[in-house]
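Chemist: Assemble chain B onto chain A, guided by the hints.
Chains A and B supply the protein sequences, listed in that same order.
If you read the first sequence in the UniProt record's numbering, its first letter stands for residue 1, the second for the next number, and so on.
If you read the second sequence in the UniProt record's numbering, its first letter stands for residue 1, the second for the next number, and so on.
Note that these hints are calculated values from the structure, not bench results.
Remember, it's a predicted structure, so these values are computed and weren't measured experimentally.
By construction, the Cβ of each residue, glycine as well, lies at the ideal position given by its N, Cα and C atoms.
Be aware that a few hints might be false.
Label-pair distances were calculated between CB atoms; the ranges are [said to hold, decoys possible]: (1) B:H153 with A:G140: 50 to 56 Å; (2) B:P128 with A:G178: 54 to 60 Å; (3) A:G322 with B:L316: 57 to 63 Å; (4) A:S238 with B:P215: 38 to 44 Å; (5) B:H153 with A:E150: 58 to 64 Å; (6) A:A114 with B:S321: 34 to 40 Å; (7) A:R41 with B:S321: 34 to 40 Å; (8) B:E30 with A:E317: 47 to 53 Å; (9) B:K4 with A:K116: 18 to 24 Å; (10) A:M36 with B:E318: 36 to 42 Å; (11) A:D261 with B:L316: 50 to 56 Å; (12) B:Q103 with A:E265: 43 to 49 Å; (13) A:E106 with B:S321: 35 to 41 Å.
2 protein chains.
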Amino acid sequence: MNLKQLSQMLELSQTTVSRALNGYPEVNEETRRRVMDAARRHGYRPNPSARRLATGKAGMIGYVLPTGSAVDIDPHFVEFLSGLGDYARAHDFDLVLSPADAQDEETTYRRVVANKQVDALYVSSPKPADKRIKLLEQLGLPYIVHGRSEGLHFDYPFMDIDNEGAFHEAGRLLVQLGHSRIALINGQRAETFAVFRERGLRNALAASGLVLATPMIRSFAMTEENGYRAARSLLETSPRPTAIICSSLIMALGVVRAARDLGIEIPKDMSLIAHDDVFPWLKPENFSVPLATTRSSIRLAGARIAERLAARISGLEEGKSGEVWPVDLVVRGSVAGAPTRANS
Amino acid sequence: MNLKQLSQMLELSQTTVSRALNGYPEVNEETRRRVMDAARRHGYRPNPSARRLATGKAGMIGYVLPTGSAVDIDPHFVEFLSGLGDYARAHDFDLVLSPADAQDEETTYRRVVANKQVDALYVSSPKPADKRIKLLEQLGLPYIVHGRSEGLHFDYPFMDIDNEGAFHEAGRLLVQLGHSRIALINGQRAETFAVFRERGLRNALAASGLVLATPMIRSFAMTEENGYRAARSLLETSPRPTAIICSSLIMALGVVRAARDLGIEIPKDMSLIAHDDVFPWLKPENFSVPLATTRSSIRLAGARIAERLAARISGLEEGKSGEVWPVDLVVRGSVAGAPTRANS
Numbered sequence: 001m002n003l004k005q006l007s008q009m010l011e012l013s014q015t016t017v018s019r020a021l022n023g024y025p026e027v028n029e030e031t032r033r034r035v036m037d038a039a040r041r042h043g044y045r046p047n048p049s050a051r052r053l054a055t056g057k058a059g060m061i062g063y064v065l066p067t068g069s070a071v072d073i074d075p076h077f078v079e080f081l082s083g084l085g086d087y088a089r090a091h092d093f094d095l096v097l098s099p100a101d102a103q104d105e106e107t108t109y110r111r112v113v114a115n116k117q118v119d120a121l122y123v124s125s126p127k128p129a130d131k132r133i134k135l136l137e138q139l140g141l142p143y144i145v146h147g148r149s150e151g152l153h154f155d156y157p158f159m160d161i162d163n164e165g166a167f168h169e170a171g172r173l174l175v176q177l178g179h180s181r182i183a184l185i186n187g188q189r190a191e192t193f194a195v196f197r198e199r200g201l202r203n204a205l206a207a208s209g210l211v212l213a214t215p216m217i218r219s220f221a222m223t224e225e226n227g228y229r230a231a232r233s234l235l236e237t238s239p240r241p242t243a244i245i246c247s248s249l250i251m252a253l254g255v256v257r258a259a260r261d262l263g264i265e266i267p268k269d270m271s272l273i274a275h276d277d278v279f280p281w282l283k284p285e286n287f288s289v290p291l292a293t294t295r296s297s298i299r300l301a302g303a304r305i306a307e308r309l310a311a312r313i314s315g316l317e318e319g320k321s322g323e324v325w326p327v328d329l330v331v332r333g334s335v336a337g338a339p340t341r342a343n344s
Numbered sequence: 001m002n003l004k005q006l007s008q009m010l011e012l013s014q015t016t017v018s019r020a021l022n023g024y025p026e027v028n029e030e031t032r033r034r035v036m037d038a039a040r041r042h043g044y045r046p047n048p049s050a051r052r053l054a055t056g057k058a059g060m061i062g063y064v065l066p067t068g069s070a071v072d073i074d075p076h077f078v079e080f081l082s083g084l085g086d087y088a089r090a091h092d093f094d095l096v097l098s099p100a101d102a103q104d105e106e107t108t109y110r111r112v113v114a115n116k117q118v119d120a121l122y123v124s125s126p127k128p129a130d131k132r133i134k135l136l137e138q139l140g141l142p143y144i145v146h147g148r149s150e151g152l153h154f155d156y157p158f159m160d161i162d163n164e165g166a167f168h169e170a171g172r173l174l175v176q177l178g179h180s181r182i183a184l185i186n187g188q189r190a191e192t193f194a195v196f197r198e199r200g201l202r203n204a205l206a207a208s209g210l211v212l213a214t215p216m217i218r219s220f221a222m223t224e225e226n227g228y229r230a231a232r233s234l235l236e237t238s239p240r241p242t243a244i245i246c247s248s249l250i251m252a253l254g255v256v257r258a259a260r261d262l263g264i265e266i267p268k269d270m271s272l273i274a275h276d277d278v279f280p281w282l283k284p285e286n287f288s289v290p291l292a293t294t295r296s297s298i299r300l301a302g303a304r305i306a307e308r309l310a311a312r313i314s315g316l317e318e319g320k321s322g323e324v325w326p327v328d329l330v331v332r333g334s335v336a337g338a339p340t341r342a343n344s
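Bound-form chain A, shown alone (with noise of 0.2 Å):
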């Protein structure tokens, strides 16, 4: 069945049949169904050339996937793509993943956008004055960053949780627990995110005029055994911390590892606060001890990209809008008041 064939059929135009096939916003919701349905039904698929010729898109978002022996891609991502493919799917975008070199990823987004094989882009992991994000206001194709840079002196469109506040109000529930022995096990310092998070348990102390001492600050890849051994290190030191508060779930299982090696009991000698990105399958709610959370989930924020950067594509989007997700503080067993005797 060819175009002229399913407009004939749906007694639509072939304009408004291409147009509601390729997601044009001129078309409302229920003709665009009835549209897929039909298409769907009798097998139509619109030729790729011709489509791209109609409407100049490719029907894919592109992201460039850093590479390398010495890269180890997150499990988040895993979430953050089922998100992206939900919204994709259901609107017919496919997403193309350019492998990398790490140590050049220039080469790979020019080449991307020069290929003109996508048809906007995101970026994820931003770091401080993030190069990739002023080399895509350069290249000038649709993009959206996951996440935050600092220090660019020109806006760009994002989508980020709120990991300063977050991480705010961790510290200060603690604090209002009596405790003043604050520890942070946080990503990699290269991250923005681990930059908020520490910047918002910093000030939380602060206000209560406590110091976040770097003493106290652990920064690594976020895998179990690091957790662990930030964990260690930190409760070996004299007068150990009172509360940790860790950036990831994965990280956690090795903050509790610790803690228990070292006989030291949640929450009774030591609260526990993690960062909670809502996997399936590995639940706070589940540790041995039901383990405190700043949680959001990255497989929502999976979705929001896409649906932000089609948005962009055709045109319904314009600017440099940011947004900032609010994070929820969900209290658990971990956290208790603060120990009135610890290294006792």
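Modeler: Leaving out everything else, chain B in the frame of chain A:
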């Protein structure tokens, strides 16, 4: 810089340069590297339409990604993707993820092939008598299966690990250590790998006159929570198993938690072996009791799938050959001789 200028500079014919850039096997590795280096240094980017015209290739590998609110993509996927990305980057391939309705992947496969979006596809998580493999056989695009199906009446190219052998060896070791009540916490039954693992364990027990009884088997999506639930229900039966073999490290976290909640000590009261895909972020040697595993790097599998797809695209690999990788059985502290009086 265009192709002509690049060729003149390198004192090579345009044909050779073009072939080198497009990974033709006729060009030797040294020349290819020289050409790629020069192209990179001088910012030469082959026009994708020209490349497609010259080679008939899109330079893309495809994967149909099942999506939907009920679908959780497994974190294994990230590691696989890392390996695939490592190879793809070195050979200038991109990866197209086409999100599909998990209830109707066929429509998406047909679209991807009809659109000539990709040069080859891979299929993962194959099911018994997998319909997608039948479909790809008809559609005629190069493909490879990561894993194996069963009950198809034709050969097809695949790369799998020896799941049956792995769980056979794990079971045999436990039997040799005196265990007779051995339970299996497996992935979902619809997956062929789970079928193979169950078979391997069953045969190992049968070789010693033992039976893997249905009440000793649990099959679930591989989350920590499901590992916990499965282990609880197994360990609360009487007589309870003295050993558990478990299909994933994430599930094993839940098994360890269940044992701890019930006051069952590993390995004194219960031995535990789990399958390890070699995640950098969760290591079996770091479990509270170091975990014995059947080990195979899913990252290496990803790289191998990419390598074979590239070979099939360029015509270096033909036919329907399957390869099966042996799996290491790594013994650690979580296995011991069967307790003489369990449930005492």
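Chemist: If you check the beta carbons of K4 of chain B and K116 of chain A, does the distance land in 18 to 24 Å?
Modeler: Check passed, 22 Å falls within 18 to 24 Å.
Chemist: Verify the CB-CB distance for S238 of chain A and P215 of chain B against the hinted window 38 to 44 Å.
Modeler: At roughly 52 Å between Cβ atoms, P215 of chain B and S238 of chain A fall outside 38 to 44 Å, so the hint is violated.
Chemist: Given a hinted range of 34 to 40 Å, is it respected by the beta-carbon distance of A114 of chain A and S321 of chain B?
Modeler: 37 Å, holds
Chemist: Confirm or reject the claim that H153 of chain B and E150 of chain A have a C-beta distance inside 58 to 64 Å.
Modeler: 60 Å, holds
Chemist: State, for the Cβ atoms of G322 of chain A and L316 of chain B, whether the hinted interval 57 to 63 Å holds or is violated.
Modeler: 48 Å, violated
Chemist: Has the hinted range 35 to 41 Å been met by the Cβ atoms of E106 of chain A and S321 of chain B?
Modeler: Because 39 Å falls inside the window, the suggested range holds.
Chemist: Should the hint that E30 of chain B and E317 of chain A are 47 to 53 Å apart at their CB atoms be regarded as holding?
Modeler: The hint (47 to 53 Å, Cβ to Cβ) holds, given that E30 of chain B and E317 of chain A are roughly 49 Å apart.
Chemist: Within 50 to 56 Å or not, the Cβ separation of D261 of chain A and L316 of chain B?
Modeler: Taking Cβ atoms as reference, D261 of chain A and L316 of chain B lie about 51 Å apart, which means the hint holds.
Chemist: Does the Cβ-Cβ separation between Q103 of chain B and E265 of chain A fall within 43 to 49 Å?
Modeler: 48 Å, holds
Chemist: Using the beta carbons of M36 of chain A and E318 of chain B, state whether their distance is inside 36 to 42 Å or not.
Modeler: 38 Å, holds
Chemist: Per the hint of 34 to 40 Å, is the separation of the Cβ atoms of R41 of chain A and S321 of chain B within bounds?
Modeler: Between R41 of chain A and S321 of chain B, where Cβ atoms are some 39 Å apart, the hint holds.
Chemist: Note whether the CB distance of P128 of chain B and G178 of chain A lies within 54 to 60 Å or breaks it.
Modeler: 58 Å, holds
Checked against the numbered hints above, the structure violates hints 3 and 4; every other hint is satisfied.
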